[in-house]
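Colleague: Here are the chains, one letter per residue:
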Amino acid sequence: MDLERGRISSSQLSYLTIGFMIASAVIIFPGSGAENNAWLAVIIGLLEGLAFLYIYFALAKLFPQLTLVEINDAVFGKYLGKLISCFYLLLALWITAQLLRMFGEFFNIIMPETPIQAFLISLLFITVWVVRNGLEPIARCSQILVPLTMVLIVLDFLLILNKIDLSNLLPFMDIAFNQFFMASQSIAALPCGEMVFFLMFFHAVNNQAQIKPAILRGYMIAGLILLFLAFRAITVLGPLALITTYPSLSVARVINIADIITRLDIIVAVNFLCVGFIKGILMMYALVLGTAQLVNLGSYRPLVLPLAALIFVVSLLLYDSYIYDLIDAALLFPVYSLPITVLLPLLTLILARLKNSGKETANAG
Amino acid sequence: MFSYLKRKLGLLSLANKMNNDSDSEPEGPVHSELSNKLKNNIAIISDIVGVSEDFVIREFKFGLHKQIDAALLFFDGLVKSEEINHGIIRPLMYESHLLTTVSPSCFEDIRALKETLLAIGEVTEANTIEELMEALFSGNAILLLDGNATVLMIDVRGWASRGVEESKTEQSVRGPHESFTENIRFNTALLRRRIQDPDLLIEYLVLGKKSRTAVCIAYLKTVAHPELVEELKRRLNRIDIDAVLESGYIEQLIEDDPFSPFATVGNSERPDRIAARVLEGRVAILVDTTPYVLTVPMLFLEGFQAPEDYYSRPYYSSIVRLLRFVAFFITLLSPALYVALTTYHVELIPTSLFITMVAAEEGTPFPAVLEAIGMGLVFEILREGGARLPTIIGPALSIVGALIIGDLAVSAGLVSAPMIIVVALTAVSSFLVIGHTDAITLMRLILVLLAGVLGAFGIAIGLLGMLIHLTSLRSFGVPYLTPWAPSVKTDLKDSMIRAPLWKMILRPRLITEFDSQREAFRLKPHPPENP
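Residue numbers (my numbering), protein chains in the order written: chain A, 1 to 365; chain B, 1001 to 1531.
It is worth saying that the hints were derived from the structure and are not from the lab.
Away from chain A, derived, C-beta distances all over 10 Å, residues of chain B:
(1) Ser-1032
(2) Val-1056
(3) Ser-1081
(4) Met-1133
(5) Val-1206
(6) Pro-1365
(7) Leu-1370
(8) Glu-1380
(9) Phe-1514
Just a few of them, taken from the derived set where beta-carbon distance is under 7 Å, the chain B residues facing chain A:
(10) Tyr-1344
(11) Leu-1348
(12) Gly-1455
(13) Phe-1457
(14) Ala-1460
(15) Ile-1461
(16) Leu-1464
(17) Gly-1465
(18) Leu-1467
(19) Ile-1468
(20) Thr-1471
(21) Ser-1472
(22) Ala-1485
(23) Pro-1486
(24) Ser-1487
DEER-style ranges, computed between Cβ atoms:
(25) B/Arg-1234 <-> A/Ala-309: 38 to 44 Å
(26) B/Tyr-1311 <-> A/Thr-245: 53 to 59 Å
(27) A/Ala-309 <-> B/Ile-1446: 22 to 28 Å
(28) A/Ala-58 <-> B/Pro-1500: 47 to 53 Å
(29) A/Leu-310 <-> B/Ile-1319: 49 to 55 Å
(30) B/Glu-1182 <-> A/Leu-155: 48 to 54 Å
(31) A/Ile-175 <-> B/Leu-1442: 52 to 58 Å
(32) A/Arg-263 <-> B/Ile-1399: 40 to 46 Å
(33) A/Leu-80 <-> B/Met-1496: 50 to 56 Å
(34) A/Ile-243 <-> B/Glu-1362: 34 to 40 Å
(35) B/Ala-1424 <-> A/Gln-179: 57 to 63 Å
(36) B/Ile-1319 <-> A/Gln-179: 53 to 59 Å
All C-beta atoms, glycine included, are put in the ideal place defined by N, C-alpha and C.
Go ahead and model the full structure; you've got the sequences and the hints to work with.
Modeller: Structural data, given as structure tokens:
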């Protein structure tokens, strides 16, 4: 079944990885649970995520040209495979809705009098548009938006240099291990584990051998940015970083160059819009393509609008307030997402290996 | 609703009928042969042409004993009368007498005439009415001879046409000043003079059932992508229209996305620019009766390039190039940003500026959105008025536009002064990005509306939408945002900045992959060291 003929290059895959990984971190405080040791939690989480990536690479190598849903069908059979795919797709729906809600809440802070639905609908509208256009425009968008974000983050950093206070990094590891462990798990789950949905795009990469280096390159750059964002939040804001809802906004508000360059909130908003948009369309695309493959549709395009409506409703019903979202992301999300994003692929990989070796012995005998 | 359906059905059945008609038509046009009686032939032709005042039938007799009946047919005004007189009539009627050594009957064969008497460069034979008529309408004189079923088509084309003049729409400080004209022969010559290489192919075709407009496609045989040329020919051959009066007709019938505000076919009236594009592997489409030559594929980038960029030294060119990008964003965004800032995000404006701006905005009766749209409308009216205005009345427009509307609108308290500044800045900036003016005008309006509804978030949504559209757009298979998305690193040398000429070794990669090296390596000048 060839739902999507779009082809993406390996450099585009790198940009997509970066955008996907840093999306939510540009506004929230990555590894916030570990307080001023967040940078260490980020490193641990990223290393753990690297191990996850190798599971996905192994799956992609075993089943080239297949998407996650098709891999499940191939490994678990027609019915069990579809059931397992449902888990992934529900998680994708959840993540997309969560991200959308995050968008709405964020812009609601900037424009408090506008109802959140206005943001959600307009965002969904352009998301639907780009997803209907296919993977190629998505990848090309990332080549414009991700470098723009990276430039703005560097600019942001240059402007904030004089406010960095390294003493905020102390005391070192003055927290309970539990707390630190959960913080590193939230990093492993939130951007790294979600990379499992890239298995939905691997089939479209024009040079399959380049997948691994391209993803790793993007992962490294994204990791550095995550680390830098955590570092910046701690050193500039100190203990305040844990209290503010959007540390990046607070950091941007600290910027003051000779009373002329002030209130650079807009940079953070642009950053979030750029990379959040990339992540949003990727997740939406994965969800829509996966659903189409789940029910064996010839084209995924008719599903885009109904699923967008579903995402809209789910994102409104998710939480009563944004604080729940933060708590969920830090404490609950690893618990319910890691089994799906890590254990299921691992199980799939092991089963596939066993099946393969069984086949090989059968062939040999 | 029902009437709409009925109309739709009617259109459908019409389309079906037309398809059936074209199916039942025999292959190719019917060729009616000429007879060898002069009187018959003249009767047939004047029957087809009718009683046109400019159609001339000159019947005469020549030969030693005035025994041969002949007729010369042409359209007055399409031919050079001097050539008719001195190249055709004079040799036949007078100089044929001087050739006393030949037998008197030798001129009765029309081929002999062609070989001995006619003093005209291009003379061809024709046997059918269709060939004859086509030649007649394109400015040939037709010589008919009694007793011959073959006629001669004599090229004496020479209608009134403008000479090569300075370009009115694309001027430059440095660089050639000549521009294309309405005459396709001059235009191909202007191109040929710049690329004097057998590689330059100029293929000819005729478009328009009634206008019979000559169209040439020009490209470099070894450089242009064959698939591109094929695709262009396929799209051109699809065109079935009564008349092609300007290259815009062709542009609108071959473009990739007819609903996009962005142009996917480039145009220019500067021969140097067209030559440069052809040298990059693009295909040029020259159309008779218009100085505007089309090129495909067109990229977003081309709206920011000017021929002068390559004639001046790279530093200044790069600054100007960057300036155009800045101007693009200013003209696209400034009214929308002004609306968003004064309406929604007053906290983002530094305090002193805030007081001035809001004080000015407070005194006016209309919301900022309406002001922005209204002033934008006034500017577009002035621009359109200025473009069509006879030059004599021009100063009156600037007085009305600049003084009355600009100054007095503020004094009367109808529009705030900062808004006038923003609109003026927008207007001036828009002239730096000539290539995308129409798209920008539309996008600017959309962005102002979005800013009025959703503030900066609306602008962001609008820009993202524009980006999605641009990334989805292709021009003849080449992604519109090349070389940024997809990024082609070697082509970035000529995008935001213009690299030194000796650095631009390769042709743009996505346009062509053949003969990609356009200059030698190590061209960087090395003056000899002084002894």
